[in-house]
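Construct the complete structure from the given sequences, taking the supplied hints into account.
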Amino acid sequence: MAKVSRQALARVVAERLSAENSDDSAIMREVAAYLLDHNMADNADTLINDIAVELFKQTGRLVVEVTTARALTDEARTNLIKYLQDKTGATSVELHETVDESLIGGLIAKTPSAELDVSVRNTLRQLTALA
Amino acid sequence: MANTTDHLSVHELSKELQEAIAGLRTEQGLEEAGVVTRVGDGVAWVYGLRSAGYNEVIEIEATDGGQITAFALNLLEDEIGAVVLGDDSRVSAGARVRLTGRLLDVPVGPEMVGRVVDPLGNPIDGKGPIRTKQRGLIERGAPGVMERKSVHEPLMTGLVAIDTMIPIGRGQRELIIGDRQTGKTAIAIDTMINQGRQKTGVINIYVAIGQKFSKIAALQERLKREGVMDQTIIVATSPSDPAALLYLAPYAGAAMGEYFRDNKGHALIIYDDLSKHAVAYRQMSLLLRRPPGREAYPGDVFYLHSRLLERSAKLSDELGAGSLTALPIIETQAGDISAYIPTNVISITDGQIFLETNLFYQGIRPAISVGLSVSRVGSAAQTKAVKSVSGSLRLDLAQFRELASFAQFSSDLDEETKQRIDRGQRLTELLKQKQYQPLSIAEQTVSVMAATEGAFDKVPVAKIKDAQAELISIIDRDHKKIADTLNTGDKPTDEIKDQVMKVAKKVADGFAAVSKVKA
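Just so you know, the sequences run in chain order A and B.
Everything in the first sequence is counted per our numbering, starting at 479 for the first residue and increasing by one.
Everything in the second sequence is counted per our numbering, starting at 226 for the first residue and increasing by one.
Hints are computed from structural coordinates only; laboratory data are not their basis.
These numbers come from a predicted model, not from an experiment.
It is possible that some hints are incorrect.
To give a feel for the contact side, a few chain B residues facing chain A, derived at Cβ under 8 angstroms [as the list claims (entries may be wrong)]:
id, residue
1, Leu255
2, Glu256
3, Glu257
4, Tyr272
5, Gly273
6, Arg275
7, Gly278
8, Gly306
9, Glu364
10, Gly366
What the simulated footprint calls covered on chain A by chain B, stretch by stretch (three residues with Cβ under 8 angstroms from a Cβ of chain B suffice, anywhere in the stretch; the number is not a length) [what the hints assert, rightly or not]:
id, region
11, 483-496
12, 577-583
Ideal Cβ placement from N, Cα and C applies to all residues, glycine included.
This is the structure:
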């Protein structure tokens with residue numbers, strides 16, 4: 479059987495996941511079986527990311543991992559969601575928040591295909607690299 | 226009181242730091258980001274970056290916190306294959322990758338002249354940074370049909386054999402092809418030296434593709450000694466450089482040459498050599514898992530050279546009438562000009578100068594095979610002075626080649642055949658030329674005139690070069706007006722011809738007399 483590209487697979491999985499009354503667990507079990515069968519188990523993480531990209535394209539739902547130096551306030555959270563909606567055109571934004579003090583300040587927001595890094599750590603790293 | 230040099234250094238450093246800080250992305254927004262999934266052999270495979278363009282420059286976060294530049298060459302559905310420009314050991318799997326939205330470019334402009342740089346425009350001659358006002362794209366389209374004019378101005382190499390029978394014009398692409406150690410680079414160097422000697426104003430660009438740095442250093446030294454380095458740019462890559470840099474080198478050189486072409490200037494670019502360029506591209510393509518074709522070269526190896534050489538052109542008067550002349554070099558194996566890469570480049574260029582090993586070892590240097598060499602531009606690119614005397618040269622030599630095998634039977638031949646053989650031997654001797662001694666238009670004209678009109682027929686073959694040297698010396702010393710007139714390139718008048726022939730016959734009589742005495 480001809481090998482299907484990861485993106486094509488992600489497209490199909492995203493379509494099924496976004497269908498009404500979809501059984502997400504069953505779908506993911508099928509995906510796992512497919513990956514194992516085709517020796518693509520190592521690609522699981524990247525496939526999940528591709529599925530997230532396709533879900534965003536199909537449903538407008540954006541999943542974002544946010545890492546901050548300190549917990550987000552409600553106002554900051556609202557502003558961040560508004561910013562992400564403006565930039566990406568997402569209809570809804572789902573934030574997964576993590577606190578990492580090593581950022582020193584600012585935040586890192588990762589969408590499936592893009593990244594916003596306004597952490598103090600990153601700025602310091604860039605300045606150090608100039609030296 | 227502070228040392229002025231120290232004060233300037235601190236000021237310069239401060240200015241650089243300020244510019245670098247300003248260059249940081251202060252207005253950082255949501256940017257497309259990818260991640261390196263695997264890296265090795267100079268190729269990084271990147272996940273993400275779905276809107277990456279072909280040849281787009283990407284930046285990879287290095288393990289030491291810095292940035293490494295790469296450019297995207299394989300745009301696959303699931304990943305991107307990017308060629309790393311620099312040390313790929315600084316890149317690790319999981320490194321973040323960003324798009325830059327730009328294509329590869331190099332600094333261009335008159336500030337590059339006199340410098341030795343790498344294919345990214347970084348100086349490697351230890352003379353400090355180069356600040357140019359402009360940058361040129363490494364990959365750029367060639368001028369269209371209507372933007373060009375036909376090649377009509379000569380580009381003198383200073384080598385009699387080439388300027389008389391295989392003339393090169395500004396904007397032409399003339400291939401230099403031959404086995405190793407046959408004098409290919411020597412022709413290119415003499416051409417560059419001649420641009421300085423004759424003060425043509427042509428800027429030389431020498432692109433060394435995978436050449437030993439010792440050879441490049443020796444070349445730079447020679448050009449300095451000849452006073453030509455201050456109108457030359459050297460783009461240097463060694464065999465130890467990554468294949469990506471060898472691949473980019475000729476395009477970077479072309480970008481630098483295009484600056485002069487597009488600004489009403491003239492430039493000469495030498496690609497030494499495109500065989501190594503094709504090998505480097507093959508290495509890159511195989512590592513990018515592109516399907517191999519004939520001799521394992523990728524399918525677009527023709528396009529690799531055709532798009533490079535098409536950028537050498539003569540522009541129309543409306544666009545400033547500038548030109549970029551190319552002398553690509555190809556190394557053959559065992560004289561096989563019907564191999565894959567040689568035939569590709571022969572079909573692209575406007576002629577070839579074929580160098581033969583057996584001629585070289587016979588002492589005929591430059592070892593040009595007149596029969597196999599051609600310039601498709603021809604006499605349109607020849608000065609009238611040289612054109613007027615070289616008409617019968619090719620024919621005389623062709624007839625000599627046909628009869629050369631009979632030379633051993635000289636006692637059994639008729640007079641006409643003997644004469645042709647004698648004339649051919651003298652012409653062959655005349656066309657020999659020492660390295661780093663290009664001749665001016667006047668010197669070439671008087672030499673060839675004397676030989677083809679029969680003035681040197683009585684001079685022993687072994688003394689032809691001495692007779693030529695004496696003739697040139699007398700013309701330069703006692704008939705400066707004739708030399709100046711001929712150097713303008715105009716066709717010699719009958720009066721000038723008579724005067725030159727008179728001097729030539731006198732010189733020849735001297736040598737003929739000496740040989741009689743010795744006999």
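A quick look at each hint next to the structure:
no. : hint    : in the structure
1   : Leu255  : 5 angstroms, holds
2   : Glu256  : 6 angstroms, holds
3   : Glu257  : 5 angstroms, holds
4   : Tyr272  : 5 angstroms, holds
5   : Gly273  : 6 angstroms, holds
6   : Arg275  : 6 angstroms, holds
7   : Gly278  : 16 angstroms, violated
8   : Gly306  : 15 angstroms, violated
9   : Glu364  : 26 angstroms, violated
10  : Gly366  : 31 angstroms, violated
11  : 483-496 : holds (count 4)
12  : 577-583 : violated (count 0)
When each numbered hint is compared with the structure, violations occur for hints 7, 8, 9, 10, 12.
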